[in-house]
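Participant: Listed below are the residues making up each chain.
2 protein chains.
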Amino acid sequence: MTKTVLNKITVIGVGLIGGSFAKGIKKLGLAKNVHGFGHNPENLKLAVELQVVDSASSDMAEAMQGCDLVLLAVPLGAMQPVLESIKPHLEPQTIITDAGSAKQSVIDAVQNVFGELPKNFVPGHPIAGKEQSGVTAADENLYVDHRVIITPTENSSEQATETVKGLWKALGANVEVMSAGFHDEVFAATSHLPHLLAFALVEMLHEHPELGNVFKYTAGGFRDFSRIASSDPTMWRDISVFNSEAIAKWLIEYRDYLDQMIPLVQHKDAQALYQLFETAKNARDEHIVNR
Amino acid sequence: MTKTVLNKITVIGVGLIGGSFAKGIKKLGLAKNVHGFGHNPENLKLAVELQVVDSASSDMAEAMQGCDLVLLAVPLGAMQPVLESIKPHLEPQTIITDAGSAKQSVIDAVQNVFGELPKNFVPGHPIAGKEQSGVTAADENLYVDHRVIITPTENSSEQATETVKGLWKALGANVEVMSAGFHDEVFAATSHLPHLLAFALVEMLHEHPELGNVFKYTAGGFRDFSRIASSDPTMWRDISVFNSEAIAKWLIEYRDYLDQMIPLVQHKDAQALYQLFETAKNARDEHIVNR
Numbered sequence: 001m002t003k004t005v006l007n008k009i010t011v012i013g014v015g016l017i018g019g020s021f022a023k024g025i026k027k028l029g030l031a032k033n034v035h036g037f038g039h040n041p042e043n044l045k046l047a048v049e050l051q052v053v054d055s056a057s058s059d060m061a062e063a064m065q066g067c068d069l070v071l072l073a074v075p076l077g078a079m080q081p082v083l084e085s086i087k088p089h090l091e092p093q094t095i096i097t098d099a100g101s102a103k104q105s106v107i108d109a110v111q112n113v114f115g116e117l118p119k120n121f122v123p124g125h126p127i128a129g130k131e132q133s134g135v136t137a138a139d140e141n142l143y144v145d146h147r148v149i150i151t152p153t154e155n156s157s158e159q160a161t162e163t164v165k166g167l168w169k170a171l172g173a174n175v176e177v178m179s180a181g182f183h184d185e186v187f188a189a190t191s192h193l194p195h196l197l198a199f200a201l202v203e204m205l206h207e208h209p210e211l212g213n214v215f216k217y218t219a220g221g222f223r224d225f226s227r228i229a230s231s232d233p234t235m236w237r238d239i240s241v242f243n244s245e246a247i248a249k250w251l252i253e254y255r256d257y258l259d260q261m262i263p264l265v266q267h268k269d270a271q272a273l274y275q276l277f278e279t280a281k282n283a284r285d286e287h288i289v290n291r
Numbered sequence: 001m002t003k004t005v006l007n008k009i010t011v012i013g014v015g016l017i018g019g020s021f022a023k024g025i026k027k028l029g030l031a032k033n034v035h036g037f038g039h040n041p042e043n044l045k046l047a048v049e050l051q052v053v054d055s056a057s058s059d060m061a062e063a064m065q066g067c068d069l070v071l072l073a074v075p076l077g078a079m080q081p082v083l084e085s086i087k088p089h090l091e092p093q094t095i096i097t098d099a100g101s102a103k104q105s106v107i108d109a110v111q112n113v114f115g116e117l118p119k120n121f122v123p124g125h126p127i128a129g130k131e132q133s134g135v136t137a138a139d140e141n142l143y144v145d146h147r148v149i150i151t152p153t154e155n156s157s158e159q160a161t162e163t164v165k166g167l168w169k170a171l172g173a174n175v176e177v178m179s180a181g182f183h184d185e186v187f188a189a190t191s192h193l194p195h196l197l198a199f200a201l202v203e204m205l206h207e208h209p210e211l212g213n214v215f216k217y218t219a220g221g222f223r224d225f226s227r228i229a230s231s232d233p234t235m236w237r238d239i240s241v242f243n244s245e246a247i248a249k250w251l252i253e254y255r256d257y258l259d260q261m262i263p264l265v266q267h268k269d270a271q272a273l274y275q276l277f278e279t280a281k282n283a284r285d286e287h288i289v290n291r
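Chains as they are written, first to last, in full-length UniProt numbering: chain G, 1 to 291; chain V, 1 to 291.
I should point out that these hints are in silico values taken from the structure, not numbers from a laboratory. Treat the hints with caution; some may be incorrect.
[To be verified] For lysine to any residue, the following SDA-like pairs were computed, each having C-alpha atoms within a straight-line distance of at most 25 Å:
| id | chain 1 | residue 1 | chain 2 | residue 2 |
| --- | --- | --- | --- | --- |
| 1 | V | Lys27 | V | Gly134 |
| 2 | V | Lys216 | G | Gly166 |
| 3 | G | Lys119 | G | Asp145 |
| 4 | V | Lys45 | V | Thr136 |
| 5 | V | Lys268 | G | Lys268 |
| 6 | V | Lys268 | G | Glu84 |
| 7 | V | Lys130 | G | Ser230 |
| 8 | G | Lys268 | V | Lys27 |
| 9 | V | Lys130 | G | Gly220 |
| 10 | G | Lys216 | V | Gly221 |
| 11 | G | Lys249 | V | Gly134 |
| 12 | G | Lys26 | G | Arg147 |
Small disclaimer: the values here were computed from a predicted structure and weren't measured.
Could you build the full structure based on these sequences and the hints that come with them?
Facilitator: Pasting the structure below:
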């Protein structure tokens, strides 16, 4: 298998996600130039010093010049403005991809900016992260054995799709292709919903000062359950807003599920509760591996 | 400080919780005899072999003879039957304590069996556990730096209360005294509610075969959030039934909280969502230490 080397890859937003992508590409020599774009000169300087990128700038014309592929690794709320600023400098060969946690909203943003879905646009979503954030946490191995979802539009060309897939695979990721709609539905259920539920629980308990410092009585179970409530509020605000339809659907279903569970508890329906807990335990034990 | 050595301590139910208590008492020499009672001869044999207890039996008369303190470390559903079987053999000096996760229900069981709340009855709840269970997981250090809640009744004598507190403190625990009602309220909020929410989420997703193996798309956040859904269904059935009032109250409040959250998502109320997430993040970061 011959290695395809691109001339220039640009990463917009050199934080954990964009930085890890850039650093991996650079280490593997998959582009002659890995360029970082951002608005914070300190951060860009650091990105170059840490060898996350070869070069960096806050000038979009420079960032996009001769670029074969641009990765948008910015919050969902910044996607459309960034696309607007890319547009005047976009060259015909440039493939556009992204790392957004909700896919239809990015597709809508591209449609809004370009009036169409370009054949060189291939949305993506790497499922990776770690406790730390920012360029200092960038890790060329972040995506190894992690899932990356690609959601090509009906216009995405095979060549562009294969290029995007190939880069993630080269970084060690397990690439999976699905529709944006299915992606948004599934991740609303498995990621967005649990985050909102954890935020809600912590916030609700926080609103009960009469219990004293109620968190003092929490143990390991609560710590694990609520860990995701320490996630970045800006990111989760954006996800909630940009995948609101699917999230609201799941929140409503979950609320309805609780509506059915409450009388079981009130009426001490031991058998029904046992069955529910056992089904959940078996499903989790079968499918989720604790690490 | 002189060490008070009891003649005989009996542990009913030699699993992780009872076994760890017994093993710690035995190591510290806080009783001349640490006796284990249970119905499974294999388990009792193992408890003696592993030096968790000095002696063991399935004969309640033998277990309670000359006993200074008995710890009931059985599921909440077994408390009342065990108390019934203890009653005919109870000696005047025997202090009764327990390790149940809900306190009022144990107090009710004692009242039902004895027709009063004996002065030697001191309810307790050690907040500890680990992934493994059973006597083989018994660990004399399980309670070190863990919280143990004591909820004396209006009849509990000071001497009995101090004896129970002293033993837990000797095992390294941080002992805290509160009312049974406050205990049940606080643990319904911080432990029982999150467990039920996690069970509910996993079970709900499991009921969506049209999404394929939806768990395949979960990442670390979901793994952490749902870990407690792998808990013992029997134990959680009992907790749900024996603390049903407080749990139902919190489930309803949480359901109502979601009712208020759903329109924020539907209407993409970015500011309100941000504020909620930020409050939750700050509360968690301030109060919960990740380990």
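Participant: A separate judgement is required for each hint: does it hold in the structure or not?
Facilitator: We went through each hint and held it up to the structure:
As the CA atoms of Lys27/V and Gly134/V are separated by approximately 19 Å, the hinted pair is consistent with the 25 Å bound. With a C-alpha separation of about 22 Å, the suggested pair Lys216/V and Gly166/G falls inside the 25 Å cut-off, and the hint holds. Among the hinted pairs, Lys119/G with Asp145/G is inconsistent with the structure: their alpha-carbon atoms are about 28 Å apart, more than 25 Å. Proposed proximity of Lys45/V and Thr136/V is supported: the alpha carbons are some 11 Å apart, at most 25 Å.
Of the pairs offered as hints, the one joining Lys268/V and Lys268/G is violated, with about 38 Å between alpha carbons and a cut-off of 25 Å exceeded. Distance hint between Lys268/V and Glu84/G is fulfilled; the C-alpha atoms sit about 22 Å from each other, no more than 25 Å. Restraint check for Lys130/V and Ser230/G: satisfied, since their Cα atoms lie roughly 24 Å apart, inside the 25 Å limit. A threshold of 25 Å between alpha carbons decides the hint, and for Lys268/G with Lys27/V the separation of about 40 Å lies outside it, so the pair is violated.
Of the pairs offered as hints, the one joining Lys130/V and Gly220/G holds, with about 9 Å between alpha carbons and a cut-off of 25 Å not exceeded. Restraint check: the Cα-Cα separation between Lys216/G and Gly221/V comes to about 22 Å, which is no more than 25 Å; the hinted pair holds. At most 25 Å may separate the alpha-carbon atoms for a hinted pair to count; Lys249/G and Gly134/V exceed this at roughly 41 Å. Distance hint between Lys26/G and Arg147/G is fulfilled; the C-alpha atoms sit about 20 Å from each other, no more than 25 Å.
Figure legend: structure checked against the earlier numbered hints; hints not met, in rising order: 3, 5, 8 and 11.
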